[in-house]
Amino acid sequence: MPENKGPYYITTAIAYTSGKPHIGNTYEIVLADSIARFRRQEGYDVFFQTGTDEHGQKIELKAEEAGITPKEFVDNVSTEIKKIWDLMDTSYDKFIRTTDEDHEKQVKKIFKKLYDQGDIYKSSYEGLYCTPCESFWTESQLVDGKCPDCGREVKPAKEEAYFFKMSKYADRLIQYIEEHPEFIQPVSRKNEMMNNFLKPGLQDLCVSRTSFTWGIPVDFDPKHVVYVWLDALTNYITGIGYDVDGNSTEQFAKLWPADLHLIGKDIIRFHTIYWPIFLMALDLPLPKQVFGHPWLLQGDGKMSKSKGNVIYADDLVDMFGVDAVRYFVLHEMPFENDGVITWELLVERMNSDLANTLGNLVNRTIAMSNKYFGGVVKKTGVTSEGAGVDENGASLDFDADLKAVVTATKEKVKTKMKTLHVADAMTEIFTLFKRCNKYIDETMPWALAKDEAQADRLAEVLYNLVEGITVGANLLKAFMPNTTDAILAQLYPENPKRGERDFDVLDQFGLRESGMKVTETPEILFARLDIKDVLAKAEEIQAAQKAANGGVEYPVVEKKPEITIDDFDKIQIQVGEVLKCEPVKKAKKLLVSQIRVGDEVRHIVSGIAAYYKPEEMVGKKVAVITNLKPCKLCGVESQGMILAAADDNGNLCVVSPEKDIIAGSEIC
RNA sequence: GGCGAGAUAGCUCAGCUGGCUAGAGCACACGGUUCAUACCCGUGGUGUCGGGGGUUCAAGUCCCUUUCUCGCUACCA
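Counting with this note's numbering, you get residues 32 to 699 for the letters of the first sequence.
It is worth saying that the hints were derived from the structure and are not from the lab.
If you're wondering where the values come from, they're calculated on a predicted model, not measured in any experiment.
Do not rely on the hints blindly, as some may be mistaken.
Keeping only pairs whose Cα atoms sit at most 25 Å apart, straight-line, the calculated DMTMM-like set for lysine to aspartate or glutamate is [as the list claims (entries may be wrong)]:
(1) Lys319 <-> Glu73
(2) Lys449 <-> Asp679
(3) Lys568 <-> Glu613
(4) Lys651 <-> Asp630
(5) Lys651 <-> Glu613
(6) Lys114 <-> Asp133
(7) Lys465 <-> Asp561
(8) Lys285 <-> Glu34
(9) Lys254 <-> Asp430
(10) Lys51 <-> Glu525
(11) Lys36 <-> Glu531
(12) Lys153 <-> Glu213
(13) Lys611 <-> Glu689
(14) Lys136 <-> Asp297
(15) Lys254 <-> Asp131
(16) Lys591 <-> Asp455
(17) Lys144 <-> Asp202
(18) Lys296 <-> Asp430
(19) Lys140 <-> Asp120
(20) Lys113 <-> Glu95
(21) Lys136 <-> Glu191
(22) Lys143 <-> Asp297
(23) Lys577 <-> Asp678
(24) Lys690 <-> Asp561
(25) Lys447 <-> Asp133
(26) Lys89 <-> Glu34
(27) Lys230 <-> Glu132
(28) Lys611 <-> Asp630
(29) Lys445 <-> Asp314
(30) Lys568 <-> Asp430
(31) Lys143 <-> Glu281
(32) Lys143 <-> Asp314
(33) Lys449 <-> Glu223
(34) Lys36 <-> Asp533
(35) Lys445 <-> Asp369
(36) Lys465 <-> Asp455
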């Protein structure tokens, strides 16, 4: 066994249990798994944690829709997620759920502790909340009794809330980030965090909610539940036995701080700002590294359930096999940019890398060993040493070159993995396999076989091939564990264990004992696929998905408090006709429209530039709130508001009268 | 609008602190080979290195400028 290099604690983000994860979500666990496996191979004492994030309003609503309790709902989804993680052969050590009793208990205690020490405070600004700005103001901050930001009325707070004093720790965090350049990966993300959040000054974070109940209740104020990020992020410490009262487990002492939090790039902010600050408040050391990986996107249009083109891991595994899917997602994901997945790309990788380069190599090597030596692989020592050079001066000592490539690969893979460049690491391994294929052409075993006198040379060639493949197969273990086993099972049929090598010796050549046999019945590792067949199957899957999703996914909308007809009556809505529309300078999302409302024409700014071109708006009749206090946006005064509907998938449309009616008509 | 990244072969991308005829993989074409899953090996391309200017003996590689793309962020009355 390699020497123990010490503990290594790696986590994925915990998956939100609102539904079955698609292949893009599944990518993260595979990436984490390959890193975890690789570190284990290197000799680290790895602890790999993943799990599910199970609280929040969205889940509360989904459960209601399904007619079951939230707990039943998350039990189902969590089980399904775990099943997929297992299907992908991921070697996590712990699967935590935020509904686990010990987790909930610690979160309550953490909240209390932070409250007691003054980091969390209950909003004392009751009555002066500006809803659109999502900000509380003190009496003294108001300008003319109005919100100093937008100048609108501040209202009595709808809900009291607890806040976390982020600003208190901001300087320490900035210092930490500056002193640990490797903390945020890739580094481009570090700049975004510094420039957009830390340098301008951190806002306090709201850490409780009262608008729903599916969450961890605040012990001492049970109408509040703990805001999901404080709940979710702490899984990284509660999962390994952290206890606020100082009774943390030995495991915690050993593993914390984590070596790597692997997360999607969308939640970098929570992991590199709020999480470190929570930890500082708890007086715990910060994780060593946070890697915000890019996304695996579907190439052919946006994934959507109604289109039925969502790609799920289990469908892919059915069609291609686990390791092929692992290979694909790891290979297609560069370090910084988003990767793309399509059925065509999947087939291409499968055929060219897995079937042609690797599968065929193993197959032809075994076939020749059987054909020429009855499967016995002997090291004879008849090498190509001293073969000289060809007419172009190129070395004919093919053995030496093959060995050099094979033995150098381990170090190359290690180097790539050190910086988490998993795709590049795999490429190095496939370079090894390609070198083996080339070696066959160089040495031409079929030609050697025709000459009795060359029998020992032929044996040596085949030995070298089997040995080279053995090394490559062992290097592949972190990424495609089943393939490693499948190859070794064929090269060492009597006892595959004899083909397994410690990572430390993967830079050595010639460890295979001479005289062992390879299998008499080679099996194809990866079958070539026809793109037509695959596309046909993909269509079947899409059709099934569409059918299964006859039900519609409704948007989740945070509930507002009940109002009376008098409240409603305060709002004046009228039909407006868009006369003219143009983009607002200095703004990306804004359009300014000239709208006829009765006998007056108003300028109204709307955040719809991403959905409507200015010329599309002209001539439309829309619903307009006409008694809204005017307000300047990006330097342009807006005298009202165009009503529009938006769903959860980024669609938006303005609201128009169903029949033609004259501009100025009141909507009531 | 602010901050940042990028624009290199048909496609996806490498090209560090400037230096010999600009690379890899895939795709494509031609040649070789037959052990093998019609597979493997070799050879090949015209790349205005986004446009324009500049520094230098020498610039994808540095500076300025311009166009476009992308990320984060603000505005979304």
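Status of the hints after comparison with the structure:
A distance of roughly 19 Å separates the Cα atoms of Lys319 and Glu73; the hinted pair therefore holds under the 25 Å criterion. With a CA separation close to 39 Å, the supplied pair Lys449 and Asp679 exceeds the 25 Å bound. Annotation: proposed proximity of Lys568 to Glu613 is violated, straight-line Cα distance about 47 Å (limit 25 Å). Our distance criterion of 25 Å between C-alpha atoms is met by Lys651 and Asp630, whose separation comes to about 17 Å.
Using a Cα cut-off of 25 Å, the hinted pair Lys651 and Glu613 holds, with the two alpha carbons roughly 14 Å apart. A distance of roughly 23 Å separates the Cα atoms of Lys114 and Asp133; the hinted pair therefore holds under the 25 Å criterion. Pair hint Lys465 plus Asp561 holds up; C-alpha atoms about 23 Å apart against a cutoff of 25 Å. A C-alpha spacing of about 17 Å is found between Lys285 and Glu34, which places the hinted pair at or below 25 Å, so the restraint holds.
Between the alpha carbons of Lys254 and Asp430 the distance comes to roughly 74 Å, so the proposed pair goes past 25 Å and is violated. A C-alpha spacing of about 42 Å is found between Lys51 and Glu525, which places the hinted pair above 25 Å, so the restraint is violated. For the hint pairing Lys36 with Glu531, the CA-to-CA distance comes to about 20 Å; that is within 25 Å, so the pair holds. A threshold of 25 Å between alpha carbons decides the hint, and for Lys153 with Glu213 the separation of about 36 Å lies outside it, so the pair is violated.
A hinted pair counts as satisfied when its Cα atoms are at most 25 Å apart, and Lys611 with Glu689 qualifies at roughly 21 Å. For the hint linking Lys136 to Asp297, the alpha-carbon distance of about 28 Å lies beyond 25 Å, and the restraint is violated. For the suggested pair Lys254 and Asp131, the alpha carbons sit about 21 Å apart, so the restraint of at most 25 Å is met. For the suggested pair Lys591 and Asp455, the alpha carbons sit about 50 Å apart, so the restraint of at most 25 Å is broken.
Between the alpha carbons of Lys144 and Asp202 the distance comes to roughly 22 Å, so the proposed pair stays at or under 25 Å and holds. A distance of roughly 45 Å separates the Cα atoms of Lys296 and Asp430; the hinted pair therefore is violated under the 25 Å criterion. Pair hint Lys140 plus Asp120 does not hold up; C-alpha atoms about 35 Å apart against a cutoff of 25 Å. Between Lys113 and Glu95 the alpha-carbon distance is near 23 Å, which keeps this suggested pair within the 25 Å criterion.
With a CA separation close to 23 Å, the supplied pair Lys136 and Glu191 stays within the 25 Å bound. The straight-line distance between the Cα atoms of Lys143 and Asp297 is roughly 29 Å, outside the 25 Å bound, and the hint therefore fails. For a cut-off of 25 Å, the pair hint linking Lys577 to Asp678 stands: about 20 Å separates their Cα positions. Using a Cα cut-off of 25 Å, the hinted pair Lys690 and Asp561 is violated, with the two alpha carbons roughly 53 Å apart.
A hinted pair counts as satisfied when its Cα atoms are at most 25 Å apart, and Lys447 with Asp133 does not qualify at roughly 38 Å. Note on Lys89 and Glu34: the hinted pairing is violated, with a Cα-Cα distance of about 47 Å set against a maximum of 25 Å. Only pairs whose Cα atoms come within 25 Å are accepted, and Lys230 paired with Glu132 is rejected, the gap being roughly 39 Å. Between Lys611 and Asp630 the alpha-carbon distance is near 16 Å, which keeps this suggested pair within the 25 Å criterion.
Using a Cα cut-off of 25 Å, the hinted pair Lys445 and Asp314 is violated, with the two alpha carbons roughly 34 Å apart. About 45 Å separates the Cα atoms of Lys568 and Asp430, which puts this hinted pair outside 25 Å; it is violated. About 24 Å separates the Cα atoms of Lys143 and Glu281, which keeps this hinted pair within 25 Å; it holds. Straight-line distance between C-alpha atoms of Lys143 and Asp314 comes to about 15 Å, which keeps the hinted pair within the 25 Å bound.
A distance of roughly 24 Å separates the Cα atoms of Lys449 and Glu223; the hinted pair therefore holds under the 25 Å criterion. Annotation: proposed proximity of Lys36 to Asp533 holds, straight-line Cα distance about 14 Å (limit 25 Å). A distance of roughly 24 Å separates the Cα atoms of Lys445 and Asp369; the hinted pair therefore holds under the 25 Å criterion. With a CA separation close to 15 Å, the supplied pair Lys465 and Asp455 stays within the 25 Å bound.
Hints 2, 3, 9, 10, 12, 14, 16, 18, 19, 22, 24, 25, 26, 27, 29 and 30 from the earlier list are contradicted by this structure; the remaining hints agree with it.
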